[in-house]
Amino acid sequence: MTALTLSNVCKSFGPVDVLKNIDLTVEDSEFVVFVGPSGCGKSTLLRVIAGLEEATSGSIDIGGQVVNTVPPAKRGIAMVFQSYALYPHLTVHGNMALGLKQAGHPRDEIERRIAEAARMLSLEAYLSRRPSELSGGQRQRVAIGRAIVRKPKLFLFDEPLSNLDAALRMNTRIEIANLHRQLTASMIYVTHDQTEAMTLADKIVVLRDGRVEQVGSPLELYNNPANRFVAEFIGSPAMNFVDADRVGGPVGATLGIRPEHARIGDTGPLSGQVMHVEKLGSDTNVMIDLGRDSRFTVRVFGQYEIDPGAEVRIDYDTARTLLFSTEGARIAS
Amino acid sequence: MNKARRNPANTLAMHGALILYTCIALFPVFVILINSFKTRKAIFREPLALPDADSFSMIGYQTVMKQGDFFLYFQNSMIVTVASLFFVLMFGAMAAFALSEYRFRGNTLMGLYLALGIMIPIRIGTVAILELMVASGLVNTLWALILVYTAQGLPLAVFILSEFMRQVSDDLKNAGRIDGLSEYTIFFRLVLPLVRPAMATVAVFNMIPIWNDLWFPLILAPAEETKTLTLGSQVFIGQFVTDWNAVLSALSMAILPVMVLYVIFSRQLIRGITSGAVK
Numbered sequence: 017m018t019a020l021t022l023s024n025v026c027k028s029f030g031p032v033d034v035l036k037n038i039d040l041t042v043e044d045s046e047f048v049v050f051v052g053p054s055g056c057g058k059s060t061l062l063r064v065i066a067g068l069e070e071a072t073s074g075s076i077d078i079g080g081q082v083v084n085t086v087p088p089a090k091r092g093i094a095m096v097f098q099s100y101a102l103y104p105h106l107t108v109h110g111n112m113a114l115g116l117k118q119a120g121h122p123r124d125e126i127e128r129r130i131a132e133a134a135r136m137l138s139l140e141a142y143l144s145r146r147p148s149e150l151s152g153g154q155r156q157r158v159a160i161g162r163a164i165v166r167k168p169k170l171f172l173f174d175e176p177l178s179n180l181d182a183a184l185r186m187n188t189r190i191e192i193a194n195l196h197r198q199l200t201a202s203m204i205y206v207t208h209d210q211t212e213a214m215t216l217a218d219k220i221v222v223l224r225d226g227r228v229e230q231v232g233s234p235l236e237l238y239n240n241p242a243n244r245f246v247a248e249f250i251g252s253p254a255m256n257f258v259d260a261d262r263v264g265g266p267v268g269a270t271l272g273i274r275p276e277h278a279r280i281g282d283t284g285p286l287s288g289q290v291m292h293v294e295k296l297g298s299d300t301n302v303m304i305d306l307g308r309d310s311r312f313t314v315r316v317f318g319q320y321e322i323d324p325g326a327e328v329r330i331d332y333d334t335a336r337t338l339l340f341s342t343e344g345a346r347i348a349s
Numbered sequence: 017m018n019k020a021r022r023n024p025a026n027t028l029a030m031h032g033a034l035i036l037y038t039c040i041a042l043f044p045v046f047v048i049l050i051n052s053f054k055t056r057k058a059i060f061r062e063p064l065a066l067p068d069a070d071s072f073s074m075i076g077y078q079t080v081m082k083q084g085d086f087f088l089y090f091q092n093s094m095i096v097t098v099a100s101l102f103f104v105l106m107f108g109a110m111a112a113f114a115l116s117e118y119r120f121r122g123n124t125l126m127g128l129y130l131a132l133g134i135m136i137p138i139r140i141g142t143v144a145i146l147e148l149m150v151a152s153g154l155v156n157t158l159w160a161l162i163l164v165y166t167a168q169g170l171p172l173a174v175f176i177l178s179e180f181m182r183q184v185s186d187d188l189k190n191a192g193r194i195d196g197l198s199e200y201t202i203f204f205r206l207v208l209p210l211v212r213p214a215m216a217t218v219a220v221f222n223m224i225p226i227w228n229d230l231w232f233p234l235i236l237a238p239a240e241e242t243k244t245l246t247l248g249s250q251v252f253i254g255q256f257v258t259d260w261n262a263v264l265s266a267l268s269m270a271i272l273p274v275m276v277l278y279v280i281f282s283r284q285l286i287r288g289i290t291s292g293a294v295k
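Just so you know, the sequences run in chain order A and B. Counting in the numbering used here, the first sequence runs from 17 upward without gaps. Counting in the numbering used here, the second sequence runs from 17 upward without gaps.
Among these hints, one or two may not hold up.
[To be verified] Restraint ranges, calculated between C-beta atoms of paired labels, are given here:
hint, chain 1, residue 1, chain 2, residue 2, range
1, A, T85, B, G122, 23 to 29 Å
2, A, E236, B, T124, 44 to 50 Å
3, A, N24, B, I224, 55 to 61 Å
If you're looking for bench data, these hints aren't it; they were derived computationally from the structure. This structure is a prediction, so every number in the text was calculated from the model and none was measured. Where a beta carbon is used, it is the ideal one built from N, C-alpha and C, also for glycine.
Starting from the given sequences, assemble the full structure and let the hints guide the process.
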């Protein structure tokens, strides 16, 4: 069964079209991540799904039921916000219980669900504390707990990790992935961090200017991007783009080469001067100035000694390059 | 304060200025208080002297207690002030919530219209208000005063509160909506507690002018049973003779209830419970 079907969803604020003809399906127990640069409409799309914003046109179908006119609380969804949005005057227990009380669940059922969520998120010791007495990571777990107890058909996460520090972000990311395995519910997750997108998603939706650019599994997007925007957005460091005519390709086209598919050597079709070296320990990123305002990053695995200013040649795997037209669309190489 | 930034001379100057200002502000109150405990002769002989065994007298308080029903005046003032504040805060907060939370046609215009009241003094409309009260039969009732003071306080309340309500996190309100809270519950349970300091500010701003007002009680409710404290005290001020003992005693007693109200609200001013709500 499909958990969510969007057909032809548009949203405009006055004259500004924020979402343009979005078509999307989310299967049961699928983890879907919306990525895109800021202002691309990914958060608005999430809010339209949640019912916090009304779609200007198009239909939203959650679990086989069109919910365009259904209020957020009755859509069978739960949402986790970037700013946690915990009720400051309620304890952790109260925060998790409020939604269930509103829905009229019996008391013992509420207690059972809270106990279960607290166990999953190791929040048992904090149930009687208020949000102000918790750390950032704990608050985020409470926010997730508040979503879990509702037993929704669909979880919505709005950049839940962006307020956490790097170490905590990684832990919470793993926790969310575990949670997804245990709950087997569908999840939609909005982020601008492509590491989160790549590691968590079954399916990534890349958005730009209110349009879906491409939908696919993380590796599909990495190996086979539909256009230059997706190719540039997925992968870190970002893909290199070289005028194709420099290496014997068609004039006007652009050749895309991932940093990890290129090598520094004595021979190779491209040459330039080393500008900067980033030593990350496990690998080394070498930025090379190719001239003609064009830069190239080579990712070398392991530690590599090279000085800025050195003249180098770049060789690459021709089978793994991608060719794009002037407009940015993929063309067969 | 940061130790590195603490300069003894600065601290001294700062405290000096504050203490000086406090003295200046409290001086009239102090003079009223000490003179209310003195005989009439002593008040005029040495207005700044403290009451001693010779000059001490409770005559002012006795006059006040005997003449007129001062307890009733107190009660009237209290009812009018508390009820007006209640309505100002409730309707002001509701209007502010609507203006800051919902997108609707004419939102900005409505906000400007409500703010207009800050610039136009309500006393300009006294004649019209009196005609209205006569027509609706509200003259010489406390309701007349409560309605007028509510109207007087609303513009500033809406203006201040809508500014504060815009700062309440959208995510928090949306979390409430997803949990199935009604808009009223979101307003009363989530938003109001977070703007409590702003509510206290509005309450303090409105309370003092209402408590001290002489104009509207004199015009709209001068009857004996609806007299407020300020109006009641006027019986001691005559064209030729003024009973200073009684006036000073009445004023001294009038300070107390406002002080109690102020203490209640100012505690709210200091308390902020927003920490931990977001981030």
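Check each numbered hint from earlier against the structure, then list the numbers of those it violates in ascending order.
none
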